[in-house]
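There are 2 protein chains.
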Amino acid sequence: MIIFLGHKVNENQLSLAESEIQHCYKTLRKRSGDTITVHDGSGYSYEAIITDLSKKQILAEIISQTEHPRLEKLHLTIALTKSLDRIEWLVSKSVEIGVTDFTFVNCKRSEKRHFRYERMQRIIESACKQSLKYHFPTLTQSVIPFSESLLPQQEVAQRYIASYKPDNPHLSTLGDGVKSAHVMIGPEGDFTPDEVSLAVANGYTQINLGHQRLRTETAGLYAMTLLRAALDNNAIHT
Amino acid sequence: MIIFLGHKVNENQLSLAESEIQHCYKTLRKRSGDTITVHDGSGYSYEAIITDLSKKQILAEIISQTEHPRLEKLHLTIALTKSLDRIEWLVSKSVEIGVTDFTFVNCKRSEKRHFRYERMQRIIESACKQSLKYHFPTLTQSVIPFSESLLPQQEVAQRYIASYKPDNPHLSTLGDGVKSAHVMIGPEGDFTPDEVSLAVANGYTQINLGHQRLRTETAGLYAMTLLRAALDNNAIHT
Numbered sequence: 001m002i003i004f005l006g007h008k009v010n011e012n013q014l015s016l017a018e019s020e021i022q023h024c025y026k027t028l029r030k031r032s033g034d035t036i037t038v039h040d041g042s043g044y045s046y047e048a049i050i051t052d053l054s055k056k057q058i059l060a061e062i063i064s065q066t067e068h069p070r071l072e073k074l075h076l077t078i079a080l081t082k083s084l085d086r087i088e089w090l091v092s093k094s095v096e097i098g099v100t101d102f103t104f105v106n107c108k109r110s111e112k113r114h115f116r117y118e119r120m121q122r123i124i125e126s127a128c129k130q131s132l133k134y135h136f137p138t139l140t141q142s143v144i145p146f147s148e149s150l151l152p153q154q155e156v157a158q159r160y161i162a163s164y165k166p167d168n169p170h171l172s173t174l175g176d177g178v179k180s181a182h183v184m185i186g187p188e189g190d191f192t193p194d195e196v197s198l199a200v201a202n203g204y205t206q207i208n209l210g211h212q213r214l215r216t217e218t219a220g221l222y223a224m225t226l227l228r229a230a231l232d233n234n235a236i237h238t
Numbered sequence: 239m240i241i242f243l244g245h246k247v248n249e250n251q252l253s254l255a256e257s258e259i260q261h262c263y264k265t266l267r268k269r270s271g272d273t274i275t276v277h278d279g280s281g282y283s284y285e286a287i288i289t290d291l292s293k294k295q296i297l298a299e300i301i302s303q304t305e306h307p308r309l310e311k312l313h314l315t316i317a318l319t320k321s322l323d324r325i326e327w328l329v330s331k332s333v334e335i336g337v338t339d340f341t342f343v344n345c346k347r348s349e350k351r352h353f354r355y356e357r358m359q360r361i362i363e364s365a366c367k368q369s370l371k372y373h374f375p376t377l378t379q380s381v382i383p384f385s386e387s388l389l390p391q392q393e394v395a396q397r398y399i400a401s402y403k404p405d406n407p408h409l410s411t412l413g414d415g416v417k418s419a420h421v422m423i424g425p426e427g428d429f430t431p432d433e434v435s436l437a438v439a440n441g442y443t444q445i446n447l448g449h450q451r452l453r454t455e456t457a458g459l460y461a462m463t464l465l466r467a468a469l470d471n472n473a474i475h476t
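Residue numbers (my numbering), protein chains in the order written: chain H, 1 to 238; chain U, 239 to 476.
With the rest of the complex left out, here is chain H (with noise of 0.2 angstroms):
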């Protein structure tokens, strides 16, 4: 089924994205009264009849709608790599496993304070148009201080710190069940001891993530499979 990427220009009418122009008109060649499939990652999907069609703007008026629950919470908040390239994969690779939510953390030995916020929201838009995503994931705007990156218990259920400390429990012995979780994965020099003791504080869990030595964006990815695996299973199972 092709989904195009559009958004609302009011409550009828949906306009699809520039960069669906072109496969929507010359590839596929719709025409006015064509129907197609939309989505604007809200959440939603629509049925949509094209009513204007040209090079550089295609519109449609909405027939029908479905809606598509999001069902699980799986936060992913990380200390940005030297090079940006490494953290766009992991936003990407990650995105197509299901993480619902992104927050970039600046911790006492992070590397790197900035990202793009459009360049990075332009990956997730695509990744999501690859892999049937109809959320578009959260991103935090700019990179956030540590100490506000910690989440309260009453916005996710399961909230987890990874560090090297081999006496830390592995993930995989307590992400079952999960409904939603929060992940935190440091930079390549870890958490410092004080990050660690004011996440603690604030009630999070103290993991690791196995015997390899893993870059800082294999670890995210590492993670979020382990917590999107037991979903998967807490879904099928329940």
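Think of the hints as simulated: they come from the structure by calculation, not from any bench.
On a predicted model such as this, the values are computed, not experimentally measured, just so you know.
Certain hints may be false.
[Stated by the list, open to error] Part of the chain H face toward chain U, derived, beta carbon under 10 angstroms:
id: 1; residue: Lys133
id: 2; residue: Lys165
id: 3; residue: His170
id: 4; residue: Leu171
id: 5; residue: His211
[To be verified] In silico DSSO-like links for lysine-lysine, alpha-carbon gap of 30 angstroms or less:
id: 6; chain 1: U; residue 1: Lys320; chain 2: U; residue 2: Lys403
id: 7; chain 1: H; residue 1: Lys129; chain 2: U; residue 2: Lys293
id: 8; chain 1: H; residue 1: Lys82; chain 2: U; residue 2: Lys367
id: 9; chain 1: U; residue 1: Lys346; chain 2: U; residue 2: Lys311
id: 10; chain 1: H; residue 1: Lys165; chain 2: U; residue 2: Lys417
id: 11; chain 1: U; residue 1: Lys311; chain 2: U; residue 2: Lys417
Backbone N, C-alpha and C fix where the C-beta goes; we use that ideal spot for every residue, glycine too.
Chain H is already provided as a structure; the job is to place chain U on it using the hints.
What follows is chain U alone, placed relative to chain H:
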């Protein structure tokens, strides 16, 4: 700890990899008589004293060696993707999490049927260095036909073939206690029913990887991550 990559030129002598010379000579200012640690991807690391040092070659004499036993086998067989970047990324990340063997397979619906062995080998070596792996993973020299990619049970204890069927068990419900595992991941269009039947007839278990629509390389890393975590837990618990 800094560990240089090298190879044995004879029983007692090592030559550093070309890519290491600048780092050793210019950045770290190592000189003849200095002791360095070297590994050659064979499962051993060596303490060695530099005997010859120039901009083109660094030779060192072995004074002791340490064995790093290979504890497990994690074999990924996967179809190539249209863009090889994605497979190269997968290989690099899989080395980090501890995959020990790679095979590229030619399926009925495969997109691409070749890759550059030397280039992939360099990616493996660089990821091994980054993540401190003393054993270079094996890599089959060329893409092999599906029927030749199936492994006998004597070689690997748990053998899985992933496909989209929702009634297959999820890999994460099966992987406990693995010491050695082989996973086969098909092309974007999935394995054909004939391919799946052939694998099952050879004792392979069909699995799925959850409800998300994953690209080939993401599915590969997802499966390896779950098995890696099962291995780590097994190592901790026994």
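Structure-based check of all given hints:
1. Lys133: Holds. Min distance 9 angstroms.
2. Lys165: 13 angstroms, violated
3. His170: 6 angstroms, holds
4. Leu171: 8 angstroms, holds
5. His211: 6 angstroms, holds
6. U:Lys320 to U:Lys403: Roughly 23 angstroms between the alpha carbons, so the hint for U:Lys320 and U:Lys403 holds.
7. H:Lys129 to U:Lys293: Answer violated: H:Lys129 to U:Lys293 is near 50 angstroms, above 30 angstroms.
8. H:Lys82 to U:Lys367: Given pair H:Lys82, U:Lys367 holds - Cα atoms ~18 angstroms apart, limit 30 angstroms.
9. U:Lys346 to U:Lys311: 27 angstroms, holds
10. H:Lys165 to U:Lys417: Judged against 30 angstroms, a Cα distance of about 24 angstroms means the pair holds.
11. U:Lys311 to U:Lys417: It holds: about 7 angstroms lies between the C-alpha atoms, which stays within 30 angstroms.
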